[in-house]
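*Asks:* Chains as they are written, first to last, in the numbering used here: chain A, 1 to 175; chain S, 176 to 514; chain L, 515 to 979.
For the record, the hints were derived by calculation from the structure and aren't laboratory data. Be careful, since some hints might not be right.
[To be verified] The list that follows gives simulated cross-link-like pairs (lysine to any residue, SDA-like), each with its CA atoms no further than 25 Å apart:
| hint | chain 1 | residue 1 | chain 2 | residue 2 |
| --- | --- | --- | --- | --- |
| 1 | L | K885 | S | V413 |
| 2 | L | K891 | S | P504 |
| 3 | L | K934 | A | A51 |
| 4 | L | K896 | A | N27 |
[Stated by the list, open to error] Here are some chain A residues pointing at chain L (derived, C-beta under 7 Å):
| hint | residue |
| --- | --- |
| 5 | L47 |
| 6 | E79 |
| 7 | S115 |
| 8 | D129 |
| 9 | G133 |
[Stated by the list, open to error] Facing chain L, a subset of chain A residues (Cβ under 7 Å, in silico):
| hint | residue |
| --- | --- |
| 10 | L89 |
| 11 | P93 |
| 12 | E113 |
| 13 | N165 |
Idealized CB from N, CA, C, for every residue including glycine.
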Amino acid sequence: MIYKLLSAIGVLGTIALFTGALLGWLNKRYKKQDKALVDVIEELLPLTQCAQCGYPGCRPYAQSIAEGGAINKCPPGGEDTIARLANLLGREPSTLDENFGQHSPIHLAVIDERSCIGCTLCIQVCPVDAIVGAQRFMHTVLEDHCTGCELCLEPCPVDCISLINTDIQRVYLPA
Amino acid sequence: MNNKRILSHGLNLGPESRPTSTASIMNHVLLALFPGLFAQFYYFGTGYLYNLAIALFAGLLCCLTIALAMTSTSEKALSYASPTPKHRFPGSIARKNISPILLDNSNWVTCVLVAIALPPNMPILIVTVAIVSALGLGKYIYGGLGQNIFNPAMVGYGVVLISFPSDLALWPPVIEGLSGATPLEQLKYNSGQTVQELTAGPAFGTLAGQGWEWINAAYLAGGLYLIYQRIIGWHIPVYLLASIILWSAAWYDMGSSLSLGSPVFHLFSGGIMLGAFFIATDPVTCPSSTRGKIYFGLLCGSLIFIIRSWGGYPDGIAFAVLLANLCVPLIDHIHNIND
Amino acid sequence: MNLLIEQADPPTRVYLAVQDRHWREHGQVDFGTYVLKGSLLVGGDNPVHATTSGTLERTVLRPSSRKNAEPALHLSIRSDGKDQWLPRAKNLSPLTQSAEALLTKIATAGIVGLGGGAFPTATKLATAIRHTPRYLIVNGVECEPGVQADEALMHAASVEILQGALLALQILNLDQCILAIGEDKHSALEIFTQKILQQELSGKIQLLPVADKFPNGSERQLIKICTGTALPRNVYPAQLGISVLNVSTLYAIYQAIYLDQALVERVVTLHTPQSAKNIRVHIGTPAKDLVNNNFPSRANAPAVSTNLIQRGGPLTGWIQSIDACVEKGTTCLQLIKNTVPKPALPCIRCGKCATICPENLLPQELYWYSKPLNEAKLNALKLTSCLTCGLCETVCPSQIPLTNMFRDSQTLLKQYAAHKQQARQVSARVKARTVRLEKSGQSTQSQREKRLSRLRQSRSSNHEQ
Chain A
1 MIYKLLSAIG VLGTIALFTG ALLGWLNKRY KKQDKALVDV IEELLPLTQC AQCGYPGCRP
61 YAQSIAEGGA INKCPPGGED TIARLANLLG REPSTLDENF GQHSPIHLAV IDERSCIGCT
121 LCIQVCPVDA IVGAQRFMHT VLEDHCTGCE LCLEPCPVDC ISLINTDIQR VYLPA
Chain S
176 MNNKRILSHG LNLGPESRPT STASIMNHVL LALFPGLFAQ FYYFGTGYLY NLAIALFAGL
236 LCCLTIALAM TSTSEKALSY ASPTPKHRFP GSIARKNISP ILLDNSNWVT CVLVAIALPP
296 NMPILIVTVA IVSALGLGKY IYGGLGQNIF NPAMVGYGVV LISFPSDLAL WPPVIEGLSG
356 ATPLEQLKYN SGQTVQELTA GPAFGTLAGQ GWEWINAAYL AGGLYLIYQR IIGWHIPVYL
416 LASIILWSAA WYDMGSSLSL GSPVFHLFSG GIMLGAFFIA TDPVTCPSST RGKIYFGLLC
476 GSLIFIIRSW GGYPDGIAFA VLLANLCVPL IDHIHNIND
Chain L
515 MNLLIEQADP PTRVYLAVQD RHWREHGQVD FGTYVLKGSL LVGGDNPVHA TTSGTLERTV
575 LRPSSRKNAE PALHLSIRSD GKDQWLPRAK NLSPLTQSAE ALLTKIATAG IVGLGGGAFP
635 TATKLATAIR HTPRYLIVNG VECEPGVQAD EALMHAASVE ILQGALLALQ ILNLDQCILA
695 IGEDKHSALE IFTQKILQQE LSGKIQLLPV ADKFPNGSER QLIKICTGTA LPRNVYPAQL
755 GISVLNVSTL YAIYQAIYLD QALVERVVTL HTPQSAKNIR VHIGTPAKDL VNNNFPSRAN
815 APAVSTNLIQ RGGPLTGWIQ SIDACVEKGT TCLQLIKNTV PKPALPCIRC GKCATICPEN
875 LLPQELYWYS KPLNEAKLNA LKLTSCLTCG LCETVCPSQI PLTNMFRDSQ TLLKQYAAHK
935 QQARQVSARV KARTVRLEKS GQSTQSQREK RLSRLRQSRS SNHEQ
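Please put together the full structure from these sequences, using the hints given.
*Replies:* Structure, rendered in structure tokens:
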């Protein structure tokens, strides 16, 4: 009787150990790489850093969404981004909150170098350091890094910054 | 793109890729099942006609019900989508949705497979339960053609095998006056006889069980036809049969009373050829890469032998295939490219 | 279809695709200027030349030649009908020029791969030179049924093509090249055999008949046939020193270097439901004008009433508006009747597509993971090495439109990768800026405090005094 009991425990225990080890190995071998929710949300945003949402950049906005904040504050992303965020987070898609601005295609800032007076005001506000220049020297926009956030338009005292179409279609990651 | 238009431009595709349609693939499968069906009629009599008739009728009713259910849901979806549904006349919607379900012929293949897997002269209840589980539980619950993870016919067969075990053990003797035990059962429950003594008995023919060897040979012929027509690949059947040969050779024990049977006996007993060529090769539920197919075939064959020899059932095609189906996502995950 | 090439008349207007930024930065002429055929309109890396003489009007938005793309910016030129060439240089002696000079010439002539890829040829050759050239393969296979533009050109311009091949050999500093021609093109094979004998080029150009099997004319398959080894995935031929040039590209190289002509015309196979012919077309001709001018409307009135055209061959092509224009990479245009495609049946994973796939991919799995796009899975399944050759779609018993689905997924994957790259860049820059601001904020703060304390000290000392 005892022998039977022990053998049953032994056999089942061995099987359990073996299966556990196998599952553990499989889990390690084929590990799903989990990203923090904030990172996933940030990748879905258009990343213009325009601060139209009221947060100082895209990452803080993503942080607020991850903590349960509204998902309809991003004008550059528009309905598309809202839909993807809703899909990701399992929330109801809502319309864009127009208080934060209207959806428009993303542009590229260009400095008219003939009228630039070299005041460095735009350099200070650019969130991605995409404007180079020095005091009383002409400034210019690094096209590859400009996100089209429009933040540099306001401080310019001579209104020499304009926005142009980029031909580049922004794409958003699948949710 | 229309296949016909490309052909009219003279595209040279080679013999392995004649353009076909899903329905014609299923027709080929039905055609290839014919020799085996004929052999089963020959040895077991009209009981199979009876099985087939009930299975097809139950299948038809089942398809119609599923189609109507899908129609009503899609109609609801339509009415949600637009305030004035375009298709007011229910007949047109019904025709639109039923016709693909009935016309792609895959359901008929499932019904025929269930009917021939069961012993002849099954009660109506059992056949109906098998068909409803096969189509409903095995296929449409996953979303229909191409979406299921288990072989539908084997789901149906497995359900009735568990629910009505005594009825499903009732195989009539191939020759009048013999006991009802199939050769596989005789081998499994042999009472101290060597294989030599056992196969000398009247239930055995030259290779395996009397009658069973011819049924299997007929399914083998049908399977070879499918490979020739490029409907199925050769990897799964070949590796499945190879693994059975290996296992049975390892446990043959030179035909002693403890022997589990010779490789030839195993190849021509029970539903092995039907399983190898028609069930395990179901493209929906087998891995897609070539290496994955090899693993799948080996796994199926091993499971069949293990269930036959040490399991509770005399034959194990259904459970072996279902268990192997379970492993397909893992196999696909590991080998997802043909390199 | 006969193999004569008809010369198309210049259309009333040509539309040349141009990028807004390129036009802004490298535009050479102003609107309203009279330009001649071959004059440079936009400089830079992707030069655009006027393809007929006339007045440069303005930029307009027209359907793009790419699949599913938004309307793109085009320069419109109103033709004066004279089709007058820009004065061209004479007495060129290319054999004494350096490889760099010839490459510059090819680049400024705006030559791209004319087999359909439209990749800049000069870049391709320069990459091969950087990686030590090993092979030059001239591609005259043209295996897609229904496309005969290259075959027609091989008939009409065999000598020029051979000269072009010699130029490419000179640029790459190689001794020998392989001229691969489809086995079914008997007359082209004959012509080239003769011409090679006549010009005593058999030491330099080796003629190789290639089996008439689709897609043997694709770059990667052809390299496998010619060199015997398959390219590893994700490696460009040029990285291994292998250059594959289409015969019509070589013809364009010949024209650029010997005749000083920019790439302004190409041969296109034009199919209507009734007939088909090969036409030498001004690049930028709208497909509608091309059909109307070359098939008088009374002969086939019903055909022109359609508003769709298929760009590319019957397997690899995609359907778009008839208002789209002929571009440098357009090999074939086909009028399509406005028919609703047959609905696809579900995939039964029969595996026919996997058997026929020339790149050994698993289209049934790619299809499954394309429906809701699964980036990780598609990358693991090597979607990027799909040639979009269309064979899987042809053999699919369920008639699933796989090719275009894969083409779309490929575009999306590329865009996602670019977006991810950009996201990484942006967040790095934002982070760097925040750190910098914090630091400078701290330093100004501490400086201010120091100054304050010094002030306080001096004040207190003043009081004491």
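*Asks:* Each hint needs a verdict: does it hold in this structure or not?
*Replies:* How the hints compare with the structure:
About 33 Å separates the Cα atoms of K885 (chain L) and V413 (chain S), which puts this hinted pair outside 25 Å; it is violated. Restraint check for K891 (chain L) and P504 (chain S): satisfied, since their Cα atoms lie roughly 13 Å apart, inside the 25 Å limit. A distance of roughly 20 Å separates the Cα atoms of K934 (chain L) and A51 (chain A); the hinted pair therefore holds under the 25 Å criterion. The hinted pair formed by K896 (chain L) and N27 (chain A) meets the criterion: a straight-line CA distance of about 24 Å does not exceed 25 Å.
Checking L47 (chain A) against chain L: minimum C-beta separation of about 5 Å stays under 7 Å; hint holds. Given hint, E79 (chain A) at the interface with chain L, is violated; its Cβ is 17 Å from that chain's nearest Cβ, farther than 7 Å. For S115 (chain A), the interface hint is violated, the least distance from its beta-carbon to any beta-carbon of chain L being 17 Å, above 7 Å. A hinted interface residue such as D129 (chain A) counts as satisfied when its beta carbon comes closer than 7 Å to some beta carbon of chain L; here the least separation is about 5 Å, so the hint holds.
This hint is violated: G133 (chain A) has a C-beta 16 Å from the nearest C-beta of chain L, more than the 7 Å allowed. For L89 (chain A), the suggested interface contact is broken, since its CB lies about 17 Å from the closest CB of chain L, more than 7 Å. This hint is violated: P93 (chain A) has a C-beta 17 Å from the nearest C-beta of chain L, more than the 7 Å allowed. The criterion of a C-beta within 7 Å of any C-beta in chain L is not met by E113 (chain A), whose closest approach is roughly 13 Å, and the hint is violated.
Using the Cβ-Cβ criterion of 7 Å, the hint placing N165 (chain A) at the interface with chain L is satisfied: the shortest such distance is roughly 5 Å.
Checked against the numbered hints given earlier, this structure breaks hints 1, 6, 7, 9, 10, 11, 12; the rest are met.
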